[in-house]
Amino acid sequence: MAQRITHTKVSPNVVVVTDLVADLDNLLAIVELDPLHNIGLINIMSYIANLKPAKERARFRRGALDSLGRRDILITWGEVATTKSRLVHPHEFNCDFIAENVVFTPYRQPKSDPGNPLEIESGISLLSRLVKNPMANNNRGFDMDSANIFYEFMCRNKIPSVVFTKVTATASTILTKVLKDMAATGHVLGKHLYKVQVDLDLKYYEASGDKKRRFRSHMDEKWFLETRTNWFLSHTEDEPYPKGLEVLEYVLVVPYDPLAALEVAGPDVRDALNVLKPFKDQSIHKIVGRRAPNPKTNDLGDIGINVVETQTVLEALFTGSLMACQESLSSQTCSGPKDH
355 MAQRITHTKV SPNVVVVTDL VADLDNLLAI VELDPLHNIG LINIMSYIAN
405 LKPAKERARF RRGALDSLGR RDILITWGEV ATTKSRLVHP HEFNCDFIAE
455 NVVFTPYRQP KSDPGNPLEI ESGISLLSRL VKNPMANNNR GFDMDSANIF
505 YEFMCRNKIP SVVFTKVTAT ASTILTKVLK DMAATGHVLG KHLYKVQVDL
555 DLKYYEASGD KKRRFRSHMD EKWFLETRTN WFLSHTEDEP YPKGLEVLEY
605 VLVVPYDPLA ALEVAGPDVR DALNVLKPFK DQSIHKIVGR RAPNPKTNDL
655 GDIGINVVET QTVLEALFTG SLMACQESLS SQTCSGPKDH
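Counting from 1 along the sequence shown, just add 354 to a position and that's the residue number in our numbering.
Keep in mind the hints are simulated off the structure, nothing from the lab. Note that the structure is a prediction, hence the values are computed from the model and not measured. A hint or two may mislead.
[Said to hold, decoys possible] Result set (EDC-like, lysine to aspartate or glutamate): computed pairs, CA atoms no more than 16 Å apart in a straight line: (1) K512 to D499; (2) K576 to D555; (3) K520 to E669; (4) K597 to D564; (5) K565 to D553; (6) K631 to E617; (7) K597 to E560; (8) K557 to D574; (9) K534 to D553; (10) K640 to D656; (11) K409 to E454; (12) K640 to E669; (13) K534 to D555; (14) K406 to E446; (15) K531 to E560; (16) K576 to E593; (17) K597 to D574; (18) K650 to E580; (19) K557 to E575; (20) K534 to E669; (21) K576 to E600; (22) K576 to E560; (23) K531 to E617; (24) K597 to D535; (25) K549 to D377; (26) K520 to D377; (27) K549 to E446; (28) K557 to E600; (29) K549 to D564; (30) K549 to E593; (31) K545 to D450; (32) K634 to D656; (33) K549 to D450.
Using the sequences and the hints given, assemble the complete structure.
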């Protein structure tokens, strides 16, 4: 790890493919990756936006990266993987840093150097020549036959992979207070993340108390408090539920993409930060989070991470990234988006 920071060892090349804007964890991962790129632990080659409308997501990403001073990183969008339309929610592009009048360069995946393999984080697009049904393999769909073919391709070419499951993500939740701290830095991304998180959670919680508005019939206030907050760690079921803004103190943020983003820095960084428990097998394809804990049977599960260390690292990267940018500690000036 130290050799990469001092540029005496080549850092892994990284191509990030995400459905940015759909959920907040994608943007959190971008904020988190910035300091890793800045100090030389990784080399971000490109960000690829997928999920309709992909070009709008690319413009959002361009503006987000510009606000971090990363105008040199390539932005583009992925191929159309479905003919289905998708509802765009009001929060997705409601910000003032989307880049205007941008000319994007079509992305071409570079050849990977065996001595410097290409790392890909989140939502890799299955190549049409490898899969049976390319249109079924978008980030809102899944085709088992195609997945098996692609897995065989990875095994045949000895391409390693690390997968983080929902078990791990829900075990490493962070409080909304972390987003509030990010907003307090004054950086446009921190303010955007906190505002959207508050708006979404308040709407979600308010709807859970209305049988006609809740997302699913079983998703009532109790369900929300049990699954989306830590309310019941300090309260009993007999106590009145929180009202309105009161619930924000207890809301948890699930860092799906940020967990994967930690891994792209490589096993030496992972081990130095002590975020993962030792793997039990020697396979090049590793799964983190195989079994959820079950308090009723005292089963601790197999979550695969050291929770406190993981939460500490994520929180430090989230807030520290924006603080460094605001204080101009980055190698480039973090002055926000400019005209393109």
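Cross-check of the supplied hints:
1. K512 to D499: At roughly 20 Å apart (the allowed maximum being 16 Å), D499 and K512 break the hint.
2. K576 to D555: Satisfied, since the Cα-Cα distance of roughly 14 Å is no more than 16 Å.
3. K520 to E669: 19 Å, violated
4. K597 to D564: At roughly 14 Å apart (the allowed maximum being 16 Å), D564 and K597 satisfy the hint.
5. K565 to D553: 20 Å, violated
6. K631 to E617: 13 Å, holds
7. K597 to E560: 9 Å, holds
8. K557 to D574: This hinted pair holds, its Cα atoms lying about 13 Å apart.
9. K534 to D553: 13 Å, holds
10. K640 to D656: Holds - the C-alpha atoms of D656 and K640 are around 13 Å apart, at most 16 Å.
11. K409 to E454: Given pair K409, E454 holds - Cα atoms ~12 Å apart, limit 16 Å.
12. K640 to E669: 25 Å, violated
13. K534 to D555: 14 Å, holds
14. K406 to E446: 12 Å, holds
15. K531 to E560: 20 Å, violated
16. K576 to E593: 11 Å, holds
17. K597 to D574: Between K597 and D574 the Cα gap is close to 14 Å, so the pair holds against 16 Å.
18. K650 to E580: Roughly 15 Å separates the two Cα atoms, so the pair holds.
19. K557 to E575: Holds: K557 and E575 sit about 12 Å apart, inside 16 Å.
20. K534 to E669: 11 Å, holds
21. K576 to E600: 15 Å, holds
22. K576 to E560: Status holds; Cα separation ~12 Å.
23. K531 to E617: Since the Cα atoms of K531 and E617 sit roughly 24 Å apart, the hinted pair is violated (cutoff 16 Å).
24. K597 to D535: Violated, because 23 Å separates the two Cα atoms, which is more than 16 Å.
25. K549 to D377: 13 Å, holds
26. K520 to D377: Measuring from Cα to Cα gives roughly 15 Å; hence the hint holds.
27. K549 to E446: 12 Å, holds
28. K557 to E600: 13 Å, holds
29. K549 to D564: Since the Cα atoms of K549 and D564 sit roughly 23 Å apart, the hinted pair is violated (cutoff 16 Å).
30. K549 to E593: Violated, because 28 Å separates the two Cα atoms, which is more than 16 Å.
31. K545 to D450: 11 Å, holds
32. K634 to D656: The given pair, whose Cα atoms are some 11 Å apart, holds under the 16 Å limit.
33. K549 to D450: It holds: about 13 Å lies between the C-alpha atoms, which stays within 16 Å.
Hint violations for this structure: numbers 1, 3, 5, 12, 15, 23, 24, 29, 30, all remaining hints satisfied.
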